[in-house]
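**Q** Listed here are the chains, written in short residue letters.
There are 2 protein chains.
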Amino acid sequence: MNITFSEKMSKIKGSAIREIFKVAGDPSYISLAGGNPSPDTFPNVELSKIAEKYLAENPVLSLQYGVTEGYMPLREAVKNRLRNRENIGTENDDLIIVSGGQQGIELCSKCLLNEGDVVIVEEPSFIGALNCFRSFNAKLVGVSVEEDGMNIEELESKIAENDNVKIIYTIPTFQNPSGNTMSLEKRKKLYEVALKNNIIIIEDNPYGELTFDGEKVPTIKSFDTEGIVLYAGSFSKVLAPGMRIGFCMGCKELIGKMVVAKQVSDVHTPMITQLMAYEFIENFDLDGNIEKARMLYAHKCDVMIKAMDKHFPDTVKYTKPKGGIFIWCTLPEGFDSIDVSKECMKEKVVFVPGSTFMVDMEKPCNSFRLNYSTMDDERIEKGIEILGKVLTKLTK
Amino acid sequence: MNITFSEKMSKIKGSAIREIFKVAGDPSYISLAGGNPSPDTFPNVELSKIAEKYLAENPVLSLQYGVTEGYMPLREAVKNRLRNRENIGTENDDLIIVSGGQQGIELCSKCLLNEGDVVIVEEPSFIGALNCFRSFNAKLVGVSVEEDGMNIEELESKIAENDNVKIIYTIPTFQNPSGNTMSLEKRKKLYEVALKNNIIIIEDNPYGELTFDGEKVPTIKSFDTEGIVLYAGSFSKVLAPGMRIGFCMGCKELIGKMVVAKQVSDVHTPMITQLMAYEFIENFDLDGNIEKARMLYAHKCDVMIKAMDKHFPDTVKYTKPKGGIFIWCTLPEGFDSIDVSKECMKEKVVFVPGSTFMVDMEKPCNSFRLNYSTMDDERIEKGIEILGKVLTKLTK
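One line per chain: the protein sequences are R and X, in this order. So the mapping is simple: the numbering used here equals the position in the first sequence, first residue as 1, plus 926. So the mapping is simple: the numbering used here equals the position in the second sequence, first residue as 1, plus 926.
Derived by calculation from the structure, the hints in this document are not laboratory data. It cannot be assumed that every hint is accurate.
In this list, chains with the same sequence are indistinguishable; a pair is considered to hold if it fits within one copy or across any two.
Straight-line C-alpha distance at most 35 Å; calculated DSBU-like pairs for lysine-lysine [said to hold, decoys possible]: (1) Lys1274 - Lys1236; (2) Lys1315 - Lys948; (3) Lys948 - Lys1005; (4) Lys1322 - Lys948; (5) Lys1322 - Lys1236; (6) Lys937 - Lys1092; (7) Lys979 - Lys1005; (8) Lys1246 - Lys1065; (9) Lys1065 - Lys937; (10) Lys1178 - Lys948; (11) Lys1142 - Lys1248; (12) Lys948 - Lys979; (13) Lys975 - Lys939; (14) Lys937 - Lys1122; (15) Lys979 - Lys1243; (16) Lys1274 - Lys1178; (17) Lys1272 - Lys1178; (18) Lys1092 - Lys1142; (19) Lys1178 - Lys1289; (20) Lys1114 - Lys1315; (21) Lys1005 - Lys939; (22) Lys1114 - Lys1319; (23) Lys1268 - Lys1178; (24) Lys1122 - Lys1248.
Generate the whole structure from the sequences, applying the supplied hints.
**A** And the structure:
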């Protein structure tokens, strides 16, 4: 039988860079392609003890069905952290535990988007979010990202040009893939523009804790008095991604609808992983673990940038992130980073070409993304040296 | 700001029986309303050891990102079980690990359904599946369930009357909520009808292993040579529901698309819960655990049926299931089971009125569902005695 798939799901193309991810796990390759956190940051011994204890001593709590909105003490613990550390949360807000930040974006999209509605995204942006919006047959409209974040004039004109803009999706802090951070001024302006136009902002912040120098720009959610910002957070980069624990804070009405959407999806996030996150927050040193991750990535980023300064031709520009796990590189106009990636693959170095992160993935793109979170120092240096040679040869 | 939700998500109404579920967890109530398995069947000590071991000894496997289709050895172990025990799986089939059987239904719906498409459902049927189809703005068309399963003539006429029938959703074995099992003859007829009309069957089988006498009617998937059946299974009733581990087997094309849908939803099912299921299947006694659950539910069902025989008025009819965890009761025509539930709630006994399981939830329904899996024998007997008195009074 020939299956006719839904229109919305027919919109997502298979990845053009499948070959890159196929070899990215092969240890003979130097992979600067991933987005995984370093396993050195996983507090596995502590998590092992927590899981053992709950399963042995509290089988009903850890193995029976739970409530869809999430384990209440975990919700309270996350709310407390958000209140105390980020100044996030009003009496009109509520919080749902989700199975990774990605699920928060998907549930919110399902609750808000009719087919054909417009989602404004940063360009470049996170492929998982772009494909999520595509999977609801939304129309994506890109706004370019500058060193201090979204181009706000462009945002305003894109809103004026398009009916039915329902969502503005942004990763304001240590953006994936650009590594850039939106300035406080732009955050405030973005909020005003969204409010004036009756548009929900999804503020995706998986990397916010990974600040190298300890500085944090206030989140957009922290000045959201009107309940138009859905804040999506995650434990994937500060605890462990394989647990699939994230959270969303937004106005009660939206969170309530997301609970209904989650109920018909995975019913609830597994209990044991919620309990692991809860117990680690309450009785172990999450802040210490975050500090460890920050130091590690600051160091690795430094190693990569130093190698790039040494080996890259002057014509190739790159961002110098203050946190997170990505660097964005741009060749002179007219070049296509796919050509660079093909040459590098022959030399067993892989990374992700920039077109992957664009609204129109077919269009040639002269930028590409590098990741430094998982390779050791030596392989980072070696990979950048090889990449530098390829870039020098190709751009000569 | 006033949020305008998507049309599809506006279709799901809040549950009219919220009050019932609110008190169902209150120990002063006798709850025959749930659908939870008995915690006595959770092998928590073994699962505790497994979790402890993997997290301590293999942090990368148990805490790093995994692949969307699921942990390969678990997929192979489940495929083997399906092949050896249910004769399920052809070379054109594939298997995806999902975060509970419900997620399988949701992913398949998203891949197949455009808004307004028709899904044929048994009536009564599982509320979680009905709401899932509603959440994609599908049109639900009900076909009545007889003692030996769906009325096939009615099915054929409903297909003839409706364009765009994309899915037939069935729980053929120990159905929720009716407790009935579809005969082999009807399964074959259903398959033929679906094939002739180019319709995908979702065969949802969370209760199949819970056969009281060991007998099993072959699954529809076991004679699916054409790849039109998506088989959804779950570890929720044979291991533990809080783990949220299920699986779907279907033709490669459909499973491939479901992988894309899962990628933008929860990315993958958590690694530690997948590892717990895998290790339990491979190195512990899953069949022994299933046997334990079967004996327990056979006993509890027997206790409930005996009490019903004793206390219910003759005018109230009920199914006598050969497995699973539900009994379906029907009052004479003209009665509304909501009235019975209101009276019983005053006496601190709760169950779910039948309208909950119908396409039109607003229409009065003279049936209701009873569950026997979680209460102890004494409370089952006491609950049925009280329910019997209310029924006798109301139907006199």
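**Q** Now tell me if each hint is right for this structure.
**A** Hint-by-hint comparison with the structure:
| no. | hint | in the structure |
| --- | --- | --- |
| 1 | Lys1274 - Lys1236 | within (20 Å within a copy, 76 Å between copies) |
| 2 | Lys1315 - Lys948 | within (24 Å within a copy, 66 Å between copies) |
| 3 | Lys948 - Lys1005 | between (39 Å within a copy, 24 Å between copies) |
| 4 | Lys1322 - Lys948 | within (30 Å within a copy, 71 Å between copies) |
| 5 | Lys1322 - Lys1236 | within (17 Å within a copy, 92 Å between copies) |
| 6 | Lys937 - Lys1092 | both (19 Å within a copy, 19 Å between copies) |
| 7 | Lys979 - Lys1005 | both (25 Å within a copy, 32 Å between copies) |
| 8 | Lys1246 - Lys1065 | within (31 Å within a copy, 52 Å between copies) |
| 9 | Lys1065 - Lys937 | both (10 Å within a copy, 23 Å between copies) |
| 10 | Lys1178 - Lys948 | between (42 Å within a copy, 19 Å between copies) |
| 11 | Lys1142 - Lys1248 | within (10 Å within a copy, 61 Å between copies) |
| 12 | Lys948 - Lys979 | between (38 Å within a copy, 29 Å between copies) |
| 13 | Lys975 - Lys939 | neither (42 Å within a copy, 42 Å between copies) |
| 14 | Lys937 - Lys1122 | both (31 Å within a copy, 28 Å between copies) |
| 15 | Lys979 - Lys1243 | neither (51 Å within a copy, 47 Å between copies) |
| 16 | Lys1274 - Lys1178 | between (50 Å within a copy, 31 Å between copies) |
| 17 | Lys1272 - Lys1178 | between (52 Å within a copy, 32 Å between copies) |
| 18 | Lys1092 - Lys1142 | within (28 Å within a copy, 50 Å between copies) |
| 19 | Lys1178 - Lys1289 | between (40 Å within a copy, 30 Å between copies) |
| 20 | Lys1114 - Lys1315 | neither (42 Å within a copy, 65 Å between copies) |
| 21 | Lys1005 - Lys939 | between (37 Å within a copy, 28 Å between copies) |
| 22 | Lys1114 - Lys1319 | neither (44 Å within a copy, 66 Å between copies) |
| 23 | Lys1268 - Lys1178 | between (48 Å within a copy, 30 Å between copies) |
| 24 | Lys1122 - Lys1248 | within (31 Å within a copy, 61 Å between copies) |
The structure does not agree with the numbered hints 13, 15, 20, 22 stated previously, though it agrees with the rest.
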